[in-house]
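Engineer: The chain contents come next:
Protein chains: 4
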Amino acid sequence: MKVGILGATGYTGQELVRLLQQHPEVQIAFLGSSSSAGATYEEMFPQFTGKQLGKLEDEQVPDVEVLFCALPHGLTAARTAEWLKRGIKVIDLGADFRLKDPEVYHMWYKLEHPAPELIPEAVYGIPELYRKEIRGKSLVANPGCFPTASILGLAPLLKKNFLALNSIIIDAKSGVSGAGRGASLRTHFSEVNENFKAYGVAEHRHTPEIEQQLSLAAGHSFKVSFTPHLVPMIRGILATIYAQVEDGISESTLRACWEEAYQEEEFVHILPEGIWPQTKFALGSNHVFLQLKLDERTGRVIIVSVIDNLVKGAAGQAIQNMNLVLGLPENMGLEGRGLWP
Amino acid sequence: MKVGILGATGYTGQELVRLLQQHPEVQIAFLGSSSSAGATYEEMFPQFTGKQLGKLEDEQVPDVEVLFCALPHGLTAARTAEWLKRGIKVIDLGADFRLKDPEVYHMWYKLEHPAPELIPEAVYGIPELYRKEIRGKSLVANPGCFPTASILGLAPLLKKNFLALNSIIIDAKSGVSGAGRGASLRTHFSEVNENFKAYGVAEHRHTPEIEQQLSLAAGHSFKVSFTPHLVPMIRGILATIYAQVEDGISESTLRACWEEAYQEEEFVHILPEGIWPQTKFALGSNHVFLQLKLDERTGRVIIVSVIDNLVKGAAGQAIQNMNLVLGLPENMGLEGRGLWP
Amino acid sequence: MKVGILGATGYTGQELVRLLQQHPEVQIAFLGSSSSAGATYEEMFPQFTGKQLGKLEDEQVPDVEVLFCALPHGLTAARTAEWLKRGIKVIDLGADFRLKDPEVYHMWYKLEHPAPELIPEAVYGIPELYRKEIRGKSLVANPGCFPTASILGLAPLLKKNFLALNSIIIDAKSGVSGAGRGASLRTHFSEVNENFKAYGVAEHRHTPEIEQQLSLAAGHSFKVSFTPHLVPMIRGILATIYAQVEDGISESTLRACWEEAYQEEEFVHILPEGIWPQTKFALGSNHVFLQLKLDERTGRVIIVSVIDNLVKGAAGQAIQNMNLVLGLPENMGLEGRGLWP
Amino acid sequence: MKVGILGATGYTGQELVRLLQQHPEVQIAFLGSSSSAGATYEEMFPQFTGKQLGKLEDEQVPDVEVLFCALPHGLTAARTAEWLKRGIKVIDLGADFRLKDPEVYHMWYKLEHPAPELIPEAVYGIPELYRKEIRGKSLVANPGCFPTASILGLAPLLKKNFLALNSIIIDAKSGVSGAGRGASLRTHFSEVNENFKAYGVAEHRHTPEIEQQLSLAAGHSFKVSFTPHLVPMIRGILATIYAQVEDGISESTLRACWEEAYQEEEFVHILPEGIWPQTKFALGSNHVFLQLKLDERTGRVIIVSVIDNLVKGAAGQAIQNMNLVLGLPENMGLEGRGLWP
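Protein chains in written order, with our numbering: chain U, 2 to 342; chain P, 2 to 342; chain G, 2 to 342; chain B, 2 to 342.
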């Protein structure tokens, strides 16, 4: 089956290529890039030398079964209707179809949504939550990296009403690749290495996406505090999540709830008690690692959730969604385990 | 004035030497080490080549004006009475005199306190809070690194009752040097680099120290959630602190409170609005950088506090305390600014 | 086919597991460890959670088709005769069978060779040089990481007598994982990060191994200067090689020689002119990247050769050798490309 | 005494500010920047908060005693005559006055030298070689970072004719700050971290500068091989230097030669035998660390030389030169030792 990638030179694009070139059932038929059309993919990215990946093309999308869109927000939604009409299944790794309410999109992304009528067509692509809905769909909104880590940690507990909704704080940490391949002082090695900082405090665009999904899980609308931080490493997200538990809820109840939710999941792992997730457990893989502890002194549960931002947080989850959309085994092409050390 | 250092080969010991060898009024007369006695300091630590620092000695403390103790907990308290009797002023960079209640010490450090009768003699060495008390003292409990960052961010706001006590969460991140110079898998480069993790979740020993000082500031005893994390960098602490503000308290009220508390402080800087602290601002210096934001959506203030764990979090603050104890200008020997990049 | 690993908890052992668990034709039937027998592999190494790898066993080797030995030198040779007698094919990732002369082994490894009579049975496992010889063998000496990078860059040029033998200098740089998983001050994050150093200057044990293979290629015995350095990164080797070229040899002659030697090789890539290898091109993969330039000003060729020390420099090459020994496609299980970024 | 800095926002500019604000005899009276004029220095660089450094100005240089020029090549030479006429002493941290031959400048820098008549007025600013000449001068060409490390290792040995001139190879490694503060893919954290590469192979602009000074030391003109590499760290240069020694020259002769040359030098340290320099020994300091070994097997000496590229390789050496020009103690303001860890 032929697939294409728009935005093939960014980090998400490169990661899609890395994973798809090992996928037994698909073939990369189109590598689109507005800035680098004409260049050979292998010369730009020598890690693929010998793979015969061909040249980057401009953004005229040929007939492919599935199109991955790794573009800045706004650009995908403007063209999606055309692709859907041509029978192309679209997996959007950008933000255009994640938020159900176009006004919320407008408020946080400072852009009038280019195609609000398509929003209801899209399914939010966390297979562990929406597997059935994804199977029949032609338009998947692949989640943000921070939302993936946060929602997988919280959703099962919220569905059971175990947590005090207004007490939830998500203190998240990300590697630098999350900022993309664009060069700026913010990603300059000498500014980032041996350094740690918070950014986007109380205004990061993943906030409404997290709130939307957590509110759906809880059955009530509520707000969270979400603070991302930049870690001097390339890949990985770790979310430390705090929530007041409702009266009578014990640590083992919380753990049992997770276990029930994830027992059939190949990519989600609840670690044995006392072993806390490290981002490197997930490095280069589509796996999720979870741990929690109920602090009796404060009545708060502390949850830690770990993913690789470019895999389960982007390209890997997109391929997991593609597998569902195409009716392939969900884990096809995603069997690799984390690189350690 | 002659000073000595016990535990001179650890990271705190090396940092004391680096700072003291530039201090115009003191002379390092004693470098004690149980493990490396007999070795030349310069050969062990070639960054000091040519400084004529002499040999490491065993732990027989000669007559010095001030003794810095950078030893594992328990070892300092067992010998402090003798030193005080000999007229030596003691600045303990360990944990022995930080907690006022020997039972709390016992509970968190799993050790019967070796000299509970000396605890009341000790002053908690954050000059910004206890300057007057430090001036006359012979025994200073130099604070832990996480407590220094946390307390400086919170104490002024708690004194004014601006925060809901039971809502306080401190999500802290530290460079690897905080784990000391001991070699273990936990500090192995290949395990730590390109990795991020939480540790000591809901059981780190700095928790009761933070709670003691914050409770003193608030005038009420309360608990906090404190979660430390390990950042793949050498130095630096950043604490992200969350608290529900009391009704009617605005961001400008909070900021004004900080400004009043710290306007005369040479080492504490409230950054201009919108500029968030980065650990590298403090690298190698005794300075503290603060920022806050009131998130109207959730009613929470988010505070970020940054220090260098080995300077303001250890050796630098110890010298600041020494200056106070000896009646020297408080900033003597501590004028250096952060190394950037 | 069942395979086993001795030394399964070291970095080479973990990398063997990572690669073998994706290999379609083999099954890991034995994970041996003298220090951690009894522990579950997944709990020690959570990146494999859910893979059902079983427990680590002591070093009693069961009947397996192939045994990978990732042990300190001396330990493998002492037991190899027994394994061979039982029909087990042995791939030694240690140093015991790399040197043809037991006296050279003695001189550099300070150990009497435990089984000199087996040395002639072993083939040196660089498939690009010794593919035919490896196919029929039961004992493979898997090369060192530095030798692999150095030999692949130089051997074809030496076979053609293009280089002045006594002019060869190999200035090599390695990531920290090359030092193994043992904790020491030499691998402590705070000592290694933001730091760079040479080590083992003019006395590293890979020197005689390099000299042996280069002398075989050249048809004359000669010495090289070899200096390894430690780079503050986890994986990767880059060797910068200098040699005086013989009269009349042009850059294009050198390049043509490489191209002829490697045109059929799946894992060796000569980059386009002007694109210099970076260690990250190879990260996590079995691929080799080469570039050269003839500096007309000095008459020297500068060669740069890059590998991942744990893959082509250890576990990957061992699996490549296993594939040859077992008559499987040489690249089976080794298709992955470098992780970028 | 008032001093000024042109190019005050680059890394060299920031390092000049860090060091000069602690210098007891000078005052920073002018911070010039073409791109950021009008901004407050402290807001751009919060590590200096509270230092009252004032605003960045455009490039109209006021009357100052000494002007540091940290500008791209070509810009300084075009204006130097004017400054000298006004009695301003100029210390150029760029490349304009390092090469004695304007045609060599033209060849390597692809620019007609803007003021060839001033070249003879300039002294090459390595105090350890040209102390007397620097004392009376108004124009100092502050050396490049790679040349400083290379020349200090080689010059004394070349003066005594101990080395075979055409055998010299300098394999140098630098931290990323050497590439400056400009943002590009080449300095992007995700491209540089966990990566190592050579660059500018056989064509780096520091080559003729090194050759000029080494030829002067040797009394004969000759060429070297010089290959720089990029290390995933911020600061530090380590040069590994190879040279064939002349017949009859022993390691102790070489060492004695160094010791004689540097016995009075405060900033140059020959380490005890067996202790090899690490870049971190010099971190943040103006010190140089040297070691050598004669490899009897090959007849080559291997020299390792270490500096901090921004201090002894730029701002620190510039201040050392300023002290000489102004008749101040040479080490004034440069007493700090390396930050470890």
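Everything labelled a hint here was simulated from the structure, so no lab data went into it. Each hint should be verified, as a subset may be incorrect.
Note that identical chains are pooled: a pair holds if it fits in a single copy or bridges any two copies.
In the DSSO-like style, the derived pairs of lysine-lysine whose C-alpha atoms are separated by at most 30 angstroms in a straight line are [claimed, not checked]:
1. Lys-133 / Lys-52
2. Lys-133 / Lys-224
3. Lys-161 / Lys-3
Bear in mind that the values here come from a model prediction, so they are computed numbers and not experimental data.
Engineer: Each of the hints needs a verdict: does it hold here or not?
Structural biologist: Hint check results:
1. Lys-133 / Lys-52: The answer is between: 26 angstroms across copies meets 30 angstroms, while 35 angstroms in one copy does not.
2. Lys-133 / Lys-224: This pair counts as within: shortest intra-copy Cα distance 27 angstroms, inter-copy 44 angstroms.
3. Lys-161 / Lys-3: Neither: 42 angstroms inside a chain and 46 angstroms across chains, both beyond 30 angstroms.
Consistency with the previously given hints fails for number 3 only.
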